[in-house]
Amino acid sequence: NLISTDNTTQILFKSILDTIRLNPLDIHTLTKSKWIFTPFENCSNTYQFEGNGNGTHYNCEMDWKNDIKFKILKDTLFVEEFDLPTEDNPDHKTIKIREDKYIYNGKSLILIGAKLFNMVGNSWTPEIEIIIEYKNQ
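Just so you know, we're using this note's numbering here: the sequence shown kicks off at 1 and counts up by one.
Keep in mind that a hint or two might mislead.
Said to hold, decoys possible - Derived CB-CB ranges, DEER-like:
| hint | residue 1 | residue 2 | range |
| --- | --- | --- | --- |
| 1 | T38 | S15 | 19 to 25 Å |
| 2 | V120 | N42 | 32 to 38 Å |
| 3 | D91 | S15 | 39 to 45 Å |
| 4 | K96 | T31 | 18 to 24 Å |
| 5 | I130 | G106 | 19 to 25 Å |
| 6 | T56 | T8 | 25 to 31 Å |
| 7 | K32 | N122 | 22 to 28 Å |
Treat the hints as calculated values from the structure; they're not laboratory data. Note that the coordinates shown come from a computational prediction; the quantities given were computed from them, not determined experimentally. The beta carbon of each residue, even a glycine, is placed where N, CA and C say it ideally should be.
Can you build the whole structure from these sequences, using the hints too?
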């Protein structure tokens with residue numbers, strides 16, 4: 001079950017916010033940087049940020065690379081990820097597939113919010129039971 005039905009994800013995100021000391025995050029911290037999360041051995045997901053609010057996300061489990069758009073509001077990083085689905089997409093339209101929120105603790109980006117989107121734009125919260133932390137490389 002990939003959809004959080006019992007608020008497990010929201011409880012995890014709240015507990016993270018209660019225990020993490022936030023550091024200021026600005027565009028200079030992200031510009032031309034690469035951030036890595038290793039969900040398991042020999043598999044690393046990466047974010048690469050450009051200074052213009054664009055970048056890429058590589059997912060090692062799915063072996064795909066997608067474009068991202070990002071912005072910083074106060075102490076929160078918002079990342080939107082886009083994909084070009086090959087099935088049921090005769091117009092070859094790029095769609096938003098996820099929207100994540102991160103905070104910065106001085107060395108890592110820590111996920112505090114997530115939404116997934118389907119082809120028609122409906123969203124849901126995925127089930128997340130571990131802390132997802134991208135470390136700066």
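These are the hints, each one checked on the structure:
no.	hint	in the structure
1	T38 <-> S15: 19 to 25 Å	22 Å, holds
2	V120 <-> N42: 32 to 38 Å	35 Å, holds
3	D91 <-> S15: 39 to 45 Å	42 Å, holds
4	K96 <-> T31: 18 to 24 Å	23 Å, holds
5	I130 <-> G106: 19 to 25 Å	21 Å, holds
6	T56 <-> T8: 25 to 31 Å	29 Å, holds
7	K32 <-> N122: 22 to 28 Å	35 Å, violated
Violation of the numbered hints given earlier is confined to hint 7; every other hint is satisfied by the structure.
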